[in-house]
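Chains as they are written, first to last, in the working numbering: chain A, 3 to 335; chain B, 3 to 335; chain C, 104 to 415; chain D, 64 to 560.
What the hints contain is simulated information worked out from the structure, not anything from laboratory work. There could be a bad hint or two in this list.
In silico contact screen, one side only, chain C against chain B (beta carbon under 10 angstroms); selected entries [as the list claims (entries may be wrong)]:
| hint | residue |
| --- | --- |
| 1 | Ala163 |
| 2 | Ala257 |
| 3 | Gln258 |
These numbers come from a predicted model, not from an experiment. Glycine included, C-beta positions come from ideal geometry on N, C-alpha and C.
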Amino acid sequence: MNLKSLASRLRAVWMLLLVGIILTIASPVFLTSTNLLNVGLATSVAALLAVGQTYVIILAEIDLSVGAALGFSAVVTAQILRSDGLLPALAAGVAVGVAVGLINGLLVTKARMPSFIATLATMSVLGGLSLQLTSGNPVAVTDYTFQGIGQNRLAGIPVPVLIMLVVFAVFGFVLARTRYGRFVYATGDNAEAARLSGIRTQRVKVLAFVISGVLAALAGFILTARLSTAEPTAGTGLELEAIAAVIIGGTSLAGGRGTLLGTLVGALVLGVIDNGMNLLDVSPFLQDVVKGLVILLAVFLDRNLDALRGLVTRRSGPGDAASSSTTPELARQ
Amino acid sequence: MNLKSLASRLRAVWMLLLVGIILTIASPVFLTSTNLLNVGLATSVAALLAVGQTYVIILAEIDLSVGAALGFSAVVTAQILRSDGLLPALAAGVAVGVAVGLINGLLVTKARMPSFIATLATMSVLGGLSLQLTSGNPVAVTDYTFQGIGQNRLAGIPVPVLIMLVVFAVFGFVLARTRYGRFVYATGDNAEAARLSGIRTQRVKVLAFVISGVLAALAGFILTARLSTAEPTAGTGLELEAIAAVIIGGTSLAGGRGTLLGTLVGALVLGVIDNGMNLLDVSPFLQDVVKGLVILLAVFLDRNLDALRGLVTRRSGPGDAASSSTTPELARQ
Amino acid sequence: SRGGGSTATGGKAASGKKDATMIMSTLNNPFFVSVKNGAQAQSAKQGLKLAVQNADNSDATALNLSTTAISKQVGVLILDPVSSQSATSAVNQANSSNIPVMAFDRKPSGGKLTCFVGYDAVEAGRNAADALAKSLDGKGKVAEIQGILGTNVAQDRSKGFEEEIAKYKGITVVAKQSAGFDRAKALNVMTNVLQAHSDIDGVYAANDEMAMGALSALKARNLAGKVELVGNDGISDALAAIASGQMAATNAESPYALGQKVSSLASDILAGKQVDTEETLHGKLITKDNVKEYAKYLVGLGDTADVPSSLR
Amino acid sequence: MRIELADVHKSFGDNHVLRGVGFQIAPGEVLAMAGENGAGKSTITRIVSGAHQPDSGRILIDGTPVVLKDPQAAMAHGIEVIYQEFQQNLFPHLSVAENMYVLDRERRFGRVLVAKRRMVEAAEAALQKLDVHLDVRRPVSGLNVAERQMVEIAKAMTHEPSLLILDEPTAALDERESERLFTQVRRLRDAGVSVIYISHRMDEVFDLADRIVVLRDGRVTLDDAVEDLETRQVVTAMVGEGVDDFYPKERNATDQVVLETDGVTGPDFHGVDVQVRAGEVLGIGGVVGCGRSTLLRALFGLEPMTGGSVTIDGSPVRVRSPREAIESRIAYLSPDRQAEGLCGALSVEANVSLASLHRFTGVSGVVRRAGERTETGAVMTDLRVRAASPAMAVGSLSGGNQQKALFAKWVMAGPRVLLMDEPTRGVDVGAKTEIYRIINKLTADGVAVVLVSSDLPELVAMSDRVVVMREGRIVTELTGDRVNEQSILEHALVGAA
Ligand SMILES: Nc1ncnc2c1ncn2[C@@H]1O[C@H](COP(=O)(O)OP(=O)(O)OP(=O)(O)O)[C@@H](O)[C@H]1O
Ligand SMILES: Nc1ncnc2c1ncn2[C@@H]1O[C@H](COP(=O)(O)OP(=O)(O)OP(=O)(O)O)[C@@H](O)[C@H]1O
Ligand SMILES: [Mg+2]
Ligand SMILES: [Mg+2]
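Sequences are here, hints too, so could you generate the full structure?
In C-alpha cells, the structure reads:
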C-alpha cells in the first residue's frame with residue numbers, strides 16, 4: 003500500500019527469517035524442502051482462516067466464529083458427500099460458509115451488535131449444531147477425489163499449499179488493488195467518514211464476513227480431506243490462531259491498516275514455531291511457554307523496531323515515542 | 003455515570019428479568035433460594051474475572067490471560083499451602099496476580115504491544131508454566147481454613163457469593179466515584195486527550211491490568227477452595243466467559259463506556275442461562291446452540307431497545323437509526 | 104462380577120424416584136459420546152429418566168452442574184469427573200443431601216461413593232506399551248503422542264506407557280509430544296516428528312483419535328503399516344485401520360458397554376438393590392487377530408455406531 | 064440547482080434542534096448561514112447531505128420533493144459537503160490521494176482495479192488548483208490541521224458539485240489559504256453551482272455571500288440579500304442583542320516576566336527567544352507551517368526540545384510531558400479538539416474538570432461530586448457553554464460548544480501560563496466575546512497568555528504584543544501601533560513563496 007506498510011511487511015519477514023535461521027542451526031532437518039512443505043501444509047488451514055480474518059480486522063471488526071464455521075461446514079460437506087456425491091457436497095459446504103458470513107455480517111451491521119460478542123455467539127451456536135448434526139461422531143470421508151484436495155501433490159507441492167498461495171494472491175490483490183479493497187481500508191479507518199463519503203459501509207462489512215465464512219468452508223474442505231474425516235470439533239481454537247497470525251503480521255485491531263502478505267508471514271511464523279518445537283522435541287509442557295515468548299518477541303520487535311533503530315541513530319526523543327504510541331488511538335476516531 | 007449508562011444498566015436488568023421469568027414458569031426449582039444461591043456460586047469465579055476485565059475493556063484494551071493467570075496462581079497457591087501454610091500461600095497467589103498484571107500492563111504500555119496479542123501470549127506462557135510446575139497433575143488442598151473460602155457460608159450465604167458482592171461493590175465504587183475511575187473512563191475514551199489533561203495514562207492502564215491479575219488470583223483461591231484442589235488447566239476458557247459478561251453488561255470494546263453493575267448483570271445472565279438449561283435438561287449438544295441464541299437475543303435487545311421503542315412511538319426515521327449507530331464512533335474522537 | 108468385594112444399597116432409593124443426572128467430563132470426543140449413547144440406550148430399556156450434562160472439561164462447570172442437580176434432588180448423581188481430586192466437593196455435597204452418587208471412568212479421591220465403575224487408565228497405557236513392544240519384537244525407536252496435558256487420562260495413560268515401555272531395553276522413546284487428543288493436531292505433530300526422526304519404528308497415541316491423525320501422517324509418507332501404530336479406546340476408525348493392517352493394536356475400552364453398565368447400576372441403586380462399590384473394567388487389546396470378534400461383540404451390545412461398516 | 068427546505072424539524076432525544084426551518088438557494092448563489100453555536104447549522108448540513116433524516120418537513124430540488132435517505136442519495140443529486148469536523152471527512156491512514164478519490168463514483172481510476180498512478184497525478188493536479196503542494200502519497204495522519212482542511216476542500220471539488228456546502232471551512236486556515244478557497248468558491252458560483260457557506264467570521268460572510276440566512280434556536284430569524292444588511296443586524300439576529308464591542312481588550316500586562324525561552328529549538332523551530340509577562344497576551348503571527356504550533360506543543364511537552372532552556376517565574380523548568388507542564392502550571396489549548404481535546408463519550412462536566420480533578424479529591428481519591436458540579440457549573444456559565452445537561456456526552460454538543468467546553472477545562476485548571484492555539488475555532492461571535500472577556504479576567508489575575516490564531520483581526524485585537532515567525536524563526540516583534548494586520552502579513556510572507 004504505502005511505504006509504512008511495506009516496512010511493516012518486511013519486519014514480519016525479518017522475524018520469520020530470524021526464527022528460521024535459529025532453527026536451521028538447531029536442527030539439520032529444518033531447512034529441507036520436505037520439512038518446509040510440511041510447514042506450509044500445517045499452516046494452510048489456519049492461514050486460510052487468517053485471510054478472511056484480515057479483511058474483517060482491517061474493518062475494525064473480529065470474527066471469532068471461523069473455527070466453528072469450519073467444523074460445521076466440514077460435517078455438512080462430509081455428510082452430503084456420503085449421500086449425494088462431490089459437487090453437491092462442495093456446494094453445500096460453500097453455502098454454509100456464505101450463510102454463516104451473511105448472518106455474522108447482518109448481526110454486526112443491521113442488528114448493530116459488537117462483532118466480538120455476535121461472532122462469539124454464532125461460534126457457540128455452530129459448535130452445538132455440528133455436534134447435534136453428527137451426534138458427536140466424526141464423519142468419515144472415502145471419496146477419492148475429495149481426499150485429493152488434502153492429500154495430492156501438484157508438481158511436488160501439496161494441493162493445500164497451492165490453494166493457500168492462490169488464495170493469498172487473489173485476496174491480496176483484491177485488497178491492495180481494487181475499489182473494494184480501498185473501501186475496506188477506508189471503512190476500517192473511519193466508518194463515519196466512509197459512510198458520509200458515500201461508501202456503503204454495511205455492504206463492505208457484510209461482504210468481508212462472507213469472505214471469512216467461505217474461506218472457513220474452504221479450510222474445512224482441506225482439513226477434512228487431509229484427515230479423510232470431518233470432525234464436528236475440528237476448528238476449535240483455530241480462530242485464535244488465525245487472529246494471532248493476522249496481528250503478528252502487522253494488522254492493527256483498531257482497523258484501517260494491514261496487508262495480506264503480513265498475514266501470510268504471521269501464519270508462517272506460527273507454523274515454523276510449532277514445527278521447530280516438534281523437531282527439537284521440546285517438552286510438551288514447555289511448548290506453550292516457548293510459543294508465547296516467541297510471539298511476544300516477534301510482536302515486540304515489530305512494534306518497536308523503528309524506536310530501537312531510532313535509539314541507535316539517536317534521532318528520537320521522548321516526544322516521538324509518546325506520539326507514535328498514540329497514533330493507533332488517534333486513528334480510531 | 004450519566005443517564006445513558008443508567009438506562010443501559012437497566013436494560014441488562016430487563017434481560018435478566020426476562021430470562022428469569024421464563025425459567026420461573028418453566029421450572030419449579032428455579033426460583034428457590036438454594037437454586038438462586040447456586041447461580042451466584044456458579045457465577046462467582048467468572049464474575050470476579052469480569053470485574054478486572056471491565057476496567058481493562060473500558061480502557062479499550064483486553065485481557066485474554068485471566069483464565070491462565072487464575073490457573074497459574076491457583077497451582078502456586080496450592081503448592082505453597084502444602085509446604086508453608088496459609089498466609090504465605092495467599093501472599094504468593096496475590097503476588098502472582100500482581101506480577102502477571104504488571105507484565106501485561108508493561109507489555110501494552112512500555113512495549114506498545116496490542117493487548118490482544120500480548121495477553122494471548124502471556125496466556126500461553128502461563129498455561130505452560132502451570133503444567134510445568136505441576137507436571138500436569140492437580141494439587142490437592144487439605145487446609146481446612148482455605149477450603150472455607152470456597153465452601154463455607156456466612157448467614158446462609160456462600161462465602162464466594164459474599165466475596166463477589168464485596169468486590170463488585172468496592173470496584174464499582176472506585177470506578178464510579180473516584181479519581182482513578184474517572185481516569186479509566188477518560189483514558190479509554192480518548193487516551194491522547196487524557197494524556198494532554200495530565201493523566202498518566204500508562205499508569206492507569208498498568209494498574210487496571212494489575213487489578214485484573216489480582217482478581218484472577220482471588221478467583222483462583224475461590225475455585226481451588228471449592229474444588230479442594232488446584233488444577234493447572236482450571237481457568238481455561240474462562241476469559242471468554244468473562245469478556246462475554248462484560249459486553250452483555252453493556253460495556254463497549256471501543257472503550258470509554260461501561261459499568262460494573264452491568265457486568266454483574268451480564269455475568270448473572272450467563273449463569274442463569276446455564277442453570278436454566280440444566281434445570282430443564284436441555285440436550286447437551288443443544289445447550290451451546292441455546293446459549294448462543296440467548297446471548298444474541300440479549301445483546302440485540304440491549305443495542306436496539308431504543309430503536310424498537312422508537313418504532314412503536316413512531317418518532318424515529320431510518321436516519322436516526324444510522325445516526326445512533328454511529329454515535330460510538332463520533333464519541334470516540 | 105469382577106469388582107471389589109463389598110456391596111452397598113442406594114440409601115433413600117425406596118422413595119420411588121426414577122431419575123438420574125449424568126455429568127460427562129466432555130462430549131467433544133467420540134469416546135464419551137458413545138458412553139452417553141450406551142447409557143441412554145440402557146436407561147430407555149430400564150425406564151430410567153436420564154439427564155446428560157456436559158462439563159466441557161472444566162472442573163468448575165462440573166461442580167456447578169452437580170450443585171444444580173443436587174438442588175433438583177435427583178434420584179442418583181452420576182459423575183464422570185474431570186479430575187479425581189476436584190470431584191470430591193461434588194461427592195461431599197451429594198452425601199450431605201443424601202443423594203446416592205456414583206462415578207465412572209475416574210474415581211473421585213474423596214467422599215462416599217455408592218459405586219464406581221471404570222477402566223484403569225494406567226493399565227491402558229501399560230497394555231499399549233506391551234502391545235507396541237510385542238509388535239516391534241522388543242526393539243526400535245518409538246514416539247509417544249500425548250493427550251491434553253493436565254487431564255487425568257492423559258497423565259495416567261502416559262504414566263502407564265512410560266513405566267512399561269522402560270522395561271524394554273531395546274526400545275527408546277525418541278519423541279514425546281502432545282496433540283491434545285485431537286486428530287488434526289496429531290497429524291501435524293506426527294508429520295513433524297517423522298521429519299525429525301525418519302527412522303521411527305513405532306508410535307503410541309494416547310487415544311485413537313490421535314492415532315488416526317498419526318496414521319494420516321504415516322500414509323502421507325507411505326509408512327502406513329510399516330511403522331507400528333498402537334492406540335487406546337477402540338473407536339470405529341481404529342478398528343477399521345486394524346482390520347486393514349494399517350494399525351497394530353488398540354487397547355479397546357468399549358465406551359458403549361461402560362455407558363450401559365452405568366445406567367443399569369443407577370437403576371439398581373434406585374430400585375434399592377445391592378451393588379458392588381467398585382467395579383474396575385478392563386480394556387481389551389484388539390489386534391488383527393481378534394478385531395472381527397470384537398466387532399461382533401459390539402454389535403451384540405447394540406453399539407453399531409462404533410463398528411466400521413466393513414466389519415458389520 | 065435550486066434547493067428548498069420547507070418547515071424542517073429535527074430533534075435529538077428531547078433536544079428540539081430544528082423548529083421549522085425553511086429557505087431556498089438559487090443556482091449560482093452563495094448563501095451564507097450564520098448563527099450561534101448550537102443554533103442548528105451543522106444539523107441542516109447533515110440533513111441536506113443525507114447523513115441525518117428530518118423528523119418532518121420537505122426538501123425540494125428544482126421544485127420536486129426528494130428524500131435524501133443516505134449520503135449516496137444526496138451525492139446522486141450532486142450535493143457535496145465539507146463537514147465541520149475532520150473526523151467526518153478524512154481517513155488518517157489512507158494517503159491524500161486515496162482520501163480524495165475514496166469513492167470515485169465516476170470510476171475514473173478503474174471500474175474494479177485501481178489505477179494508482181493516474182490517481183496520484185489527478186490528486187496532485189487538483190491540489191495544485193488550490194495552490195497546495197503536498198506529497199499525495201503520504202497518509203493524512205501526518206498533515207497538520209490546515210493541510211487536512213485543504214485536502215477536504217480538494218476532496219469535495221473532485222466531483223463537479225451542483226450544491227456545495229462548506230461548514231466553517233476557514234476555521235483552521237490562514238488568510239492566504241482562505242483567499243484561495245474563496246477564489247474557488249467564486250469560480251464555482253460563476254459556473255452556476257449553488258453554495259451554502261457557514262462561518263462565524265462576519266467579514267468573510269459579507270465578502271463572499273449573495274444572501275445571508277441567520278438561524279437562532281432552530282428557526283430562521285433573518286433571510287435577506289447581503290446588500291440590504293449590515294453586520295450589526297446580522298449579529299443582533301444571531302444573539303438577540305447588539306454586540307457593541309467584539310474585542311473588549313483590556314491591557315493588564317505587568318513588568319514581571321513569567322515565561323521566558325532562551326534559544327529553544329525543536330523539530331520545526333530554531334533558536335526561539337520569547338518573554339511573556341504576567342497579565343500579557345503575546346500573539347504569534349505567521350503562515351501555515353511557520354512552526355508556531357509546534358513551538359506551543361514543545362512548550363507543553365508534546366514535542367521534543369533539542370536545545371535551549373525555558374524558565375517560569377525565574378526558575379528553570381524542564382517539561383518532558385503534558386503532566387510535567389501542568390505541574391509547572393502551563394496549560395495548552397489544542398487546535399484539534401477531537402483528537403487531543405475532549406473525551407467525547409464522557410459528560411461535559413467530567414471533561415471540564417478533568418485537568419483539575421485533584422482539587423475535588425482527598426487522599427481517598429473519592430471525587431466530591433457536589434464541589435465538582437458547582438465549580439464546573441460556574442465556569443460553564445461564564446463561558447456560556449450551551450448543553451442540555453452537564454451530564455450529557457460532550458461529543459453531542461455543537462462544535463462551538465465543544466470548543467467552549469475545552470476552553471473551560473483549562474480556565475478551571477488555574478494556569479500560570481496559558482498556551483492557546485486557535486482558541487476560538489468555530490466559536491460564534493457572541494461567545495467569542497465571552498472568551499475574550501475570560502482572557503481579560505485571566506490576565507487581570509496575572510496569567511501569561513500566548514495566543515496563536517489564524518484569525519488576524521482577533522490576533523491583532525487581543526494581543527498586547529506580537530512576534531512573527533517564519534520558517535521556524537522569530538523574524539520580528541511588533542508592539543504598540545505596529546500590531547496590525549498589514550505588518551504581521553508583511554513579515555510573515557516576506558521571502559515566502
Ligand atoms: N448526534 C447528536 N446527538 C445529540 N444532539 C446533537 C447531535 N448533533 C447535534 N446535536 C445537538 O443539536 C444542536 C445543534 O447542533 P449543530 O451542530 O447543528 O449546531 P451548529 O449551529 O452547527 O453550532 P456550531 O456553530 O457550534 O457548529 C446542539 O444543541 C447539539 O447539542
Ligand atoms: N503530526 C505531524 N506529522 C508530520 N508533520 C507535521 C505534523 N504536524 C505538523 N507537521 C508539519 O510541521 C510543519 C509546522 O507545522 P505547524 O503546525 O507548527 O505550523 P503553523 O505555523 O502553526 O501552522 P498553523 O498556523 O496552520 O497552525 C508543517 O509543515 C507541518 O506539515
Ligand atoms: Mg456546526
Ligand atoms: Mg498551527
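Hints, verified against the model:
no., hint, in the structure
1, Ala163, "6 angstroms, holds"
2, Ala257, "7 angstroms, holds"
3, Gln258, "5 angstroms, holds"
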